[in-house]
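Position 128 of the sequence shown, counting from 1, maps to 128 under UniProt numbering, and the rest follow consecutively.
Relax, there's no trap hidden among the hints.
Lysine to aspartate or glutamate pairs mimicking DMTMM-like chemistry, simulated, CA-CA at most 25 angstroms apart: (1) Lys74 <-> Asp64; (2) Lys103 <-> Asp81; (3) Lys103 <-> Asp16; (4) Lys74 <-> Glu61; (5) Lys74 <-> Glu110; (6) Lys103 <-> Glu69.
None of these hints come from the bench; they were simulated from the model.
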Amino acid sequence: MWHDTKTATNLQNGKDVPTLALYKHVKDPTGQWADGIGLPTSLNMRCFKATERLTIEAMTEFLDNAGEERFFTKVVRLQVDLAQMGASQCLYQGIMGALGYSKNNLPFLELARRLPLQVLESVTQGEVSDEEYLARRQALLLGTAGLLPSQRPNPCP
Numbered sequence: 001m002w003h004d005t006k007t008a009t010n011l012q013n014g015k016d017v018p019t020l021a022l023y024k025h026v027k028d029p030t031g032q033w034a035d036g037i038g039l040p041t042s043l044n045m046r047c048f049k050a051t052e053r054l055t056i057e058a059m060t061e062f063l064d065n066a067g068e069e070r071f072f073t074k075v076v077r078l079q080v081d082l083a084q085m086g087a088s089q090c091l092y093q094g095i096m097g098a099l100g101y102s103k104n105n106l107p108f109l110e111l112a113r114r115l116p117l118q119v120l121e122s123v124t125q126g127e128v129s130d131e132e133y134l135a136r137r138q139a140l141l142l143g144t145a146g147l148l149p150s151q152r153p154n155p156c157p
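Produce the entire structure from the sequences given, and follow the hints as far as they go.
Take a look at the structure:
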């Protein structure tokens, strides 16, 4: 937000992260909004210097509060999902979202919504070999995602 180092923020892979300095557009003094996120109001600090200005106890308390808030936000979301779709579908969507990692978690969640667990399970009812069982489920998942060879555009001649 402050961008007071005037240097680029880098990822582990060496790529620069686009930075938008917001400090010119903040109308409220730091102390007014710092309370809302649990920061001490007396500190107008740069993020990279926080460890020099905060005690271990203050940093621990801030991180604990942030972690608890994140956890309870997820709990509420999970409770809503459980009430709306049931435990099996909720778990299935959670696993699919986790399989997508950070860049693909939304597409994986969308796949789980488009192909609900109940549909995926119902297709393989009856006596089938392990190979057939896996092939049917794989075809359903890939087809729903639009990744079957027949769904790909024709290559240019």
